[in-house]
Amino acid sequence: MAGSGGELSRSGLRGREAELGQLAELIASVTRTGSGALVLVQGEAGIGKTALLTEAVTRAGAAGWSVGTGKADELHHIVPLSSLAASLHGDPPLLSGDAFADLAGGHDQRIRLVERLAGAIEAAAADRPVLIALDDVQWADPLSRFVLKQLPTRLRTSPVLWVLTGRLGPADPPEEILVAATQGELPSLTVPLSPLSGEAIGQLADDALGEGVDERVRDLLDGAGGNPFLAVEMLAGLRTAGASGEPVPPGLVVGVRGRLRSLRPGTLRFLRMGAVLGRRFRFHDAAALCGRPPAALVAELEEAVRAGLLDDDGDQLAFRHDLLRQAVYVDIPPSARKALHREAATHLVLAGHQPIDAVSHVLEGALPGDEEAVALLGRAAADVLPVTPGLAADLMTRALELVPPARPSRFEVGERAIVFLTRAGRDREALRTGDRLLAGRPSPAEFGRLQTALGGTLWNMDLADELLRRTETALALGGADPGTEARLTALRALALSRGHDLAAAREAGENALRAALAAGDREAHVLALSGLGEIALNAGENAVALRHFTALSAVDPAFLPEEVVARTHMDDFASGERLLLRAADPGGVPRQAMLLWAQGHRLLGLGRLDDAEADLVTMERLEDDVQVPVQQVNARVIRSRIALLRGDREAARRHLTAARERLAAKPNPGNTAAVRFLEAVHADADGDVRLALDRLRQVQEAGPFMRWRLLRTWVDRAIRIALRGADHGLAEDLAAQAAAHAERNPGVAGAAGVAAQAAGLLKNDPALLERSVDLLGASPRPLVRAAARADLGRALLAAGRTPAAAAVLTRARAEFAESGAHGAAARVRRDLARTGAGGRGAGVRQRPVHGWEALTVSEKKVARLIAEGHTNRSAADLLVVSPHTVNTHLTSAFRKLAVNSRVQLAHLVIGLRDT
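Each residue of the sequence shown is one higher than the last, beginning at 3 in my numbering.
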């Protein structure tokens, strides 16, 4: 049956003309528009996905694109970024080999990783279009999946085409990536591959065996079910069988097992060792598993390559298709597979591989009681924690499962599992794990360490009372080493920061700090300073809080955002800016989301509403990306207040709804107070004073209103609500709190001005309100100053001092308008109309929704820089902001301008210059 068709057709492109046309059109579209896109080719194994991907890569390369191709591996689906690595080191390479050498340390580095990747790809795409292809994405490692859910959308304004292939499955990684792309408004296309038609299969047969293939062969090929790989393998078997005169069995056996039977025993064993190692493996690793030197296996390698089972690229060997590897692998008895995997893990480690490279084999082959496997899993988990905390948690959980209950090491391994689960945001699982271990009767020392590990878990879950109970129990039990005792003491102080007795909390914090320094325990030191800072802020002692947070950021620079916020509370905006400039360095603070919170908080104080909201939007997106919500409630409360200041009631209500939803996940007292106050503000705006008072009283009942940091510069609104509702007792209490806060913070103009404003509102005293305006003149908070001016203007108007009222209200309206608080400016304008001066000056001009004038000042700056050819990174460097914030501004600008690429943006900006 040997035909005249020459080499078998393995292109897989027969019958795929329509799909090829779709890919060709997508490549042309990205080239033409300069904007990104994503295509997912889906289908069963062997259906031709790889062939289609390869053809797309070939066409893009021929068109001058920069291309990178990678393939995920079923066995090696754990090593971080291993799936995408080959794609990113394409031709020319998008990344250098040491691009991530500094991504280590004790904090989550995924956000920095994505931004670094985005910067590199964006820079490459500025020269020519980029195609990044990944085959078998259903087996992608967790970090590659994370990156693929972020990067395509992040780069949608650059000419970057993502071509992915994956097997069918509704909950598989391919579907998750496609959903993320669609939600990010990235043009996306799914290309499903159906079985080939009988005609196409016939063409494959003609390619392989020559024309005139008889009906018996065509009937046999019906067994391939339209799958081109199976058909090609059957045809290969037919050629082999035809040449040897052997009978031809049906199905895939023809292409694989039939050929395996013809191999020498040594070659078959060599292939089986390779199958254990994975689809791609190194020659000398397989030789080691065979127990023979590589030189003694050259003949076996040559036979496997001749049989069409392996490819050899000079660096690694690879099974020509996953189905081939699986066919070899399943013939190994299960017990032998397990033992071989365990042996492979040992060999890889001894050969100098990183622990994570051997983990897949450990997971397949380790048995309970295997201490070496436990240690290996622990080392691998520590290595990957900064970039894949979820994987690290999985590995430590598996390590714990391998330790028999009676082994003393179980508590030590369990302690690490708790910490890693907490870092991954899996707090409930961490708590369950800890409680199971505690039920195993640990020694007093082990009990203390386990409760210390659970401290972060309980704090994240807002279970301060439970944290207090557990730490006090562990301290009372005794037996802990000095470092653990210092940590327990610091955790106790942190728990007390949420209570009412802040004096006791402060004493506990000072004791914890002394214990931490005496023990020389860095973690206890960080916990103690953090607790003391929280206690001071809750007590309204801003200078004390600043001292502690400055010391904390010196111990661990990752806590620089806390120092920035503390300086903002002191009205020290200039020092906060210097700190943020330091953090803007590419190797700066790893807690990017928290840094954006600090920046947004500072910009809000400066009255830069547009920029503050951009940072808060970006912060929320980054927290969503890593699924670690910290400031989302407060961010939505602020965004709702910003919308009310702008006069956008619909947006304000949306943000209130979102704040309530997020409060359910993180219902700590501060978040609850912020949302209840926001509900009071909305009720007041709706004219429902009774409901507004009810919500305000709820805040007071939970603790003094001024204790909640977010509300301190908003006390004027609370007093107005109390006075409108005729609750003078509440208004007096609020004014007294503002006065006490000013006394605790001497020299802070904002605190003194707000206290005078509160007293002036309470007493309806224009002189006090005028003093408030004078004091706030030394504060860098224009919105607070404008509100005080508006109160003074109304008081003057009520006192019949109309000309003076008109002058003050005019300035208040201007200050509000300059900050973009057009809703507040409109309310002042109505008051101004009562003076008879309402017609003076132009009315408040709202920004349009679409077009160039719809852009904020910062959006225009970003748009101009990008139009000039800057990347997000270089634009961020010039503007001294985060690349994430640049991306937020750019996304908003694209939406308002109705453009989809940097090329289109450049044309639009050039057109504006011409006109």
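Just so you know, the hints here were simulated from the structure itself, not pulled from any lab data. Model, not experiment: these values are computed from the prediction. It is possible that part of the hints are untrue.
What follows is a list of derived Cβ distance ranges for each label pair [as the list claims (entries may be wrong)]:
1) R471 with P850: 26 to 34 angstroms
2) S577 with A30: 31 to 39 angstroms
3) E403 with R524: 44 to 52 angstroms
4) R294 with H91: 27 to 35 angstroms
5) E403 with S577: 20 to 28 angstroms
6) E468 with R294: 53 to 61 angstroms
7) A338 with A47: 42 to 50 angstroms
Glycine included, each C-beta is placed from N, C-alpha and C at the ideal position.
Quick rundown of the hints versus the structure:
Restraint check, R471 to P850: a C-beta distance of roughly 57 angstroms breaks the suggested window 26 to 34 angstroms. S577 and A30 have their C-beta atoms about 53 angstroms apart, which leaves the hinted 31 to 39 angstroms range violated. Between E403 and R524 the beta carbons are some 30 angstroms apart, a value that contradicts the proposed interval 44 to 52 angstroms. Look at R294 against H91: about 32 angstroms separates their beta carbons, and that is inside 27 to 35 angstroms.
A C-beta distance of roughly 50 angstroms is found between E403 and S577, which places it outside the suggested range of 20 to 28 angstroms. At about 59 angstroms, the beta-carbon gap between E468 and R294 stays in the expected band of 53 to 61 angstroms. For the hinted restraint 42 to 50 angstroms between A338 and A47, the CB-CB distance of approximately 24 angstroms leaves it violated.
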